[in-house]
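Residue numbers (this note's numbering), protein chains in the order written: chain B, 1 to 230; chain L, 231 to 472; chain D, 473 to 878.
A couple of the hints might just be wrong.
[Claimed, not checked] Result set (EDC-like, lysine to aspartate or glutamate): computed pairs, CA atoms no more than 20 Å apart in a straight line: (1) L:353 <-> B:66; (2) D:627 <-> D:855; (3) L:459 <-> D:742; (4) B:126 <-> L:443; (5) L:459 <-> D:739; (6) L:353 <-> B:71; (7) B:129 <-> L:461.
Hint data in this document are derived by calculation from the structure and do not stem from the laboratory. Given the structure is predicted, the values throughout are model-derived calculations rather than measurements.
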Amino acid sequence: MRDRGIILTGLALFLGLVTFPAWYNLARGATSRGPDIKLPATEKQCVAPTAYMRASHMDLLVDWREQVVREGNRTYRAPDGKVYTVSLTGTCMLKCHTVKEDFCDRCHNYAAVRSPYCWDCHVDPKLVKPLAHGSAAASEPRPSGSGSSTLAGPLAYARGSVSASEPRPSGSGSSTLAGPLAYARGSVSASEPRPSGSGSSTLAGPLAYARGSVSASEPRPSGSGSRSAP
Amino acid sequence: MTITRQAFFRMTGLAALAQAGRRLMAAVAPRRWAMVVDAQKCLRDQGCTRCIQACHRAHNVPTLPRPNHQVAWIWKERYERAFPSQRNEYTAETFKDKPVLVLCNHCDNPPCVRVCPTRATWKREDGLVMMDWHRCIGCRYCVAACPYGSRSFNWVDPRPHLPELTADFPTRSKGVVEKCTFCEARLAQGRPPACVEACPDKALVFGNLADPDSEVRKLLRARYTIRRKPELGTQPQIFYIV
Amino acid sequence: MFMFEKAITGSRRYWLWVLALMALLGLGLLGWLHQFQQGLGVTGLNRDISWGLYIAQFTFLVGVAASAVMVVLPYYLHNFKAFARITILGEFLAISAVTMCMLFVFVDMGQPTRVLNMMLHPTLNSIMFWDFVSLGGYLLLNGVIALVTLSAERKGVAPPAWIKPVILLSIPWAVSIHTVTAFLYSGLPGRSLWLTAILAPRFLASAFSAGPALLILLCLVIRKLTRFDPGKEPIQKLALIVTYAMLINVFFVAMEFFTAFYSQIPEHLEHFHYLLHGLEGSAGLVPWMWVSMTLAVVALPLLIVPRARRNEKVLALTCGIVFLSLWIDKGIILIVGGFVPSPLGAVTAYAPTLPELAITLAIWALGALMITVFYKIALSVRESLEEPGTDGSVPAGTLPSVPAVH
Numbered sequence: 001m002r003d004r005g006i007i008l009t010g011l012a013l014f015l016g017l018v019t020f021p022a023w024y025n026l027a028r029g030a031t032s033r034g035p036d037i038k039l040p041a042t043e044k045q046c047v048a049p050t051a052y053m054r055a056s057h058m059d060l061l062v063d064w065r066e067q068v069v070r071e072g073n074r075t076y077r078a079p080d081g082k083v084y085t086v087s088l089t090g091t092c093m094l095k096c097h098t099v100k101e102d103f104c105d106r107c108h109n110y111a112a113v114r115s116p117y118c119w120d121c122h123v124d125p126k127l128v129k130p131l132a133h134g135s136a137a138a139s140e141p142r143p144s145g146s147g148s149s150t151l152a153g154p155l156a157y158a159r160g161s162v163s164a165s166e167p168r169p170s171g172s173g174s175s176t177l178a179g180p181l182a183y184a185r186g187s188v189s190a191s192e193p194r195p196s197g198s199g200s201s202t203l204a205g206p207l208a209y210a211r212g213s214v215s216a217s218e219p220r221p222s223g224s225g226s227r228s229a230p
Numbered sequence: 231m232t233i234t235r236q237a238f239f240r241m242t243g244l245a246a247l248a249q250a251g252r253r254l255m256a257a258v259a260p261r262r263w264a265m266v267v268d269a270q271k272c273l274r275d276q277g278c279t280r281c282i283q284a285c286h287r288a289h290n291v292p293t294l295p296r297p298n299h300q301v302a303w304i305w306k307e308r309y310e311r312a313f314p315s316q317r318n319e320y321t322a323e324t325f326k327d328k329p330v331l332v333l334c335n336h337c338d339n340p341p342c343v344r345v346c347p348t349r350a351t352w353k354r355e356d357g358l359v360m361m362d363w364h365r366c367i368g369c370r371y372c373v374a375a376c377p378y379g380s381r382s383f384n385w386v387d388p389r390p391h392l393p394e395l396t397a398d399f400p401t402r403s404k405g406v407v408e409k410c411t412f413c414e415a416r417l418a419q420g421r422p423p424a425c426v427e428a429c430p431d432k433a434l435v436f437g438n439l440a441d442p443d444s445e446v447r448k449l450l451r452a453r454y455t456i457r458r459k460p461e462l463g464t465q466p467q468i469f470y471i472v
Numbered sequence: 473m474f475m476f477e478k479a480i481t482g483s484r485r486y487w488l489w490v491l492a493l494m495a496l497l498g499l500g501l502l503g504w505l506h507q508f509q510q511g512l513g514v515t516g517l518n519r520d521i522s523w524g525l526y527i528a529q530f531t532f533l534v535g536v537a538a539s540a541v542m543v544v545l546p547y548y549l550h551n552f553k554a555f556a557r558i559t560i561l562g563e564f565l566a567i568s569a570v571t572m573c574m575l576f577v578f579v580d581m582g583q584p585t586r587v588l589n590m591m592l593h594p595t596l597n598s599i600m601f602w603d604f605v606s607l608g609g610y611l612l613l614n615g616v617i618a619l620v621t622l623s624a625e626r627k628g629v630a631p632p633a634w635i636k637p638v639i640l641l642s643i644p645w646a647v648s649i650h651t652v653t654a655f656l657y658s659g660l661p662g663r664s665l666w667l668t669a670i671l672a673p674r675f676l677a678s679a680f681s682a683g684p685a686l687l688i689l690l691c692l693v694i695r696k697l698t699r700f701d702p703g704k705e706p707i708q709k710l711a712l713i714v715t716y717a718m719l720i721n722v723f724f725v726a727m728e729f730f731t732a733f734y735s736q737i738p739e740h741l742e743h744f745h746y747l748l749h750g751l752e753g754s755a756g757l758v759p760w761m762w763v764s765m766t767l768a769v770v771a772l773p774l775l776i777v778p779r780a781r782r783n784e785k786v787l788a789l790t791c792g793i794v795f796l797s798l799w800i801d802k803g804i805i806l807i808v809g810g811f812v813p814s815p816l817g818a819v820t821a822y823a824p825t826l827p828e829l830a831i832t833l834a835i836w837a838l839g840a841l842m843i844t845v846f847y848k849i850a851l852s853v854r855e856s857l858e859e860p861g862t863d864g865s866v867p868a869g870t871l872p873s874v875p876a877v878h
């Protein structure tokens, strides 16, 4: 065998590469101890038996998703009889697994199972600033429209009692202007000099009032503040 | 490992029972949600955007830097744009070039529902045209089908454009279409939609058309109302007092 | 498998062409990855114009795919022998075009990973669902037909009898794919440019001009590059089909103009005003519209006059003009124009961005690559048949064919 040297070298290289995970982890001292999850502090009883949750929590979540979104059914009765309102952020997170990193992520990272796109949309409570955080209670049934003093979140603006919607001069664009009318504040390139009332034809839809004769876009401190809500 | 048989049946059986119960309720006490917009009341304060802000806050609707990527569930349009078949040179001063609130009409015969290839949007028994953001494939057929421009597509990830999040409602991701859902989650709790609650002048009245004594029915009997593009047969459920 | 080995042997010129196409594919793939990560906001699409270049290309290519029926029908239904040698070319063109269609739809989706939802949640009232079904079915049909007939040809035997009903099925199926695609547009109450009964007939007419025009060009190219000569007669008959189809197409467009301009209904008129001279300062589509119309008008006499049609150099030019005119018409004007003005009266401009163009070019490159590979296979099979002793045992000049129906 003339090529013995090359072959054996190649073989050694290949074996080294293929067993890389084993000896690398060995060298690193990584153990096979499982993920270290922090159980919820307040709640001791899970919504379903632990063994089931370990194996099938994703099925449960998908079933809940279909129930809530497509059937409008938000109540779930656990095997132990307790009734829960189905809400990923409102119940799962805010009630029990308050810190995603302490519970969910521990196992998911360990198993390298990226949870599907749930968190692309569903709000991780830690992202919510204190102002709206009080809306934890919002997910529970409460008397309609009675506006309790803990009112925050969506109803904050109904009462105008939150700093973001301070008394504003009537008729002028408020500084909290956000959403579709953000561009009514003026420095948008799309809205060239505005002849009053003329066909503001290029802008319809949410930007209709970014130009034209409507008081929403009357002269106001130019470009002050940010375009998005404070 | 699986749960016990009893537990499983309890879980699924109850869900099916709840659904049957709701169907029964719908048959016995039908609901047809609709809204009346008093366009004249709304014009008292033309700079007011409280309903828009309430809605967009409540639902984490983003503010996009590019105007033509805008996402909106409710906004104001010029009268001539909201009611193009009413266009004429001699429109009454009250409405000429004035802003009118527009939103999804939750049509009774919605073209958007007809075209959706995955039933990501569908019409519920109580009248709401619903959205399922888990199922939407982002084909934008519904955007093409809607004759009112009520639907918005997420051209980019909305999260960076949401300086403040509310935990009450998820955001959406890029690549799906969204629109007003008549605050379905609040309705489930017996609360009116956010925009209705936010209006200081009570220009928005929301209620059940199937109940002859509801406020919306009373208003519709007493006042003349128009709807957007009625000739298209979509049967919009937003009525405007003009 | 699939006689693929025939595609990996070729001249230097062949490989340069293939590699150039693959380079375009690679660029487009990068563009798509960028789009997948950032969202469709990287394109020129916007709130008012929510369908643009991708869907327009899809619409045009469905027509090209359907046009295979223009060679299949005369040959298999009416025993028109002249088309015997080119039906396979038509079928391969159809397969490539349908693949491009599906790719254009795929890259246009906001959530492409959820594409299977269309199969998991079939919605029978949605035309898009039926479009998906019909395109998939057409791809399958043509794939099977091409494979079976070409294999049989290579072995020097007649194709199995069961392929006959499959081929016959592909004829109404071809018509249906483009009709269903037209239905995507012609049933939408809010879009007056599309809300016309003549849209589906118009689609078919323009498909049956553009497709055969492309096929003629491909035949002429093949004649130059390979030893395969389709012959003068098939090309002339295809040219005749293009002529009649183009005449009907132009007539249909004229009908649209009449209804809009004579009725004076604003919703219909406004779209034409936008296309012909712009609205409110926005005139992006105006040059495209006039070029497309001019080209169509120029092409007509070149098609109608027999001397021009019989001159293959002039015919090549004419086919190029026809293809370009119809590509602009369906591939740019019709879809974008339908969105302007928007349901709220907005006049918005649309221009594709660089990623959008790269992706579009890549999909066209893939189509071109598929045609190259398929034609290479088919023509290599033919060439080896015509040299006795190399491959099949059939003497030169006798190509078996499926007997026609009577």
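Quiz prompt | Satisfaction of hint between residue 742 (chain D) and residue 459 (chain L), Cα-Cα up to 20 Å | solution = 17 Å, holds
Practice problem: Measure nothing beyond the straight line between the CA atoms of residue 459 (chain L) and residue 739 (chain D); if it is 20 Å or shorter, mark the hint as holding. | Solution: Holds, because 12 Å separates the two Cα atoms, which is no more than 20 Å.
Quiz item: Taking 20 Å as the top limit, are the C-alpha atoms of residue 627 (chain D) and residue 855 (chain D) close enough?
Solution: 13 Å, holds
Exercise. Would you check the hint for residue 126 (chain B) and residue 443 (chain L), treating anything up to 20 Å between C-alpha atoms as holding?
Key: 45 Å, violated
Quiz item: Between residue 353 (chain L) and residue 71 (chain B), is the straight-line Cα distance small enough, at 20 Å or below?
Solution: 12 Å, holds
Quiz item: Given the proposed pairing of residue 353 (chain L) with residue 66 (chain B), does the C-alpha separation stay at or below 20 Å?
Solution: With Cα atoms ~15 Å apart, residue 353 (chain L) and residue 66 (chain B) stay inside 20 Å; holds.
Quiz item: Is the Cα-Cα distance between residue 129 (chain B) and residue 461 (chain L) 20 Å or less?
Solution: Not OK: residue 129 (chain B) and residue 461 (chain L) at ~47 Å, beyond 20 Å, violated.
Checked against the numbered hints given earlier, this structure breaks hints 4 and 7; the rest are met.
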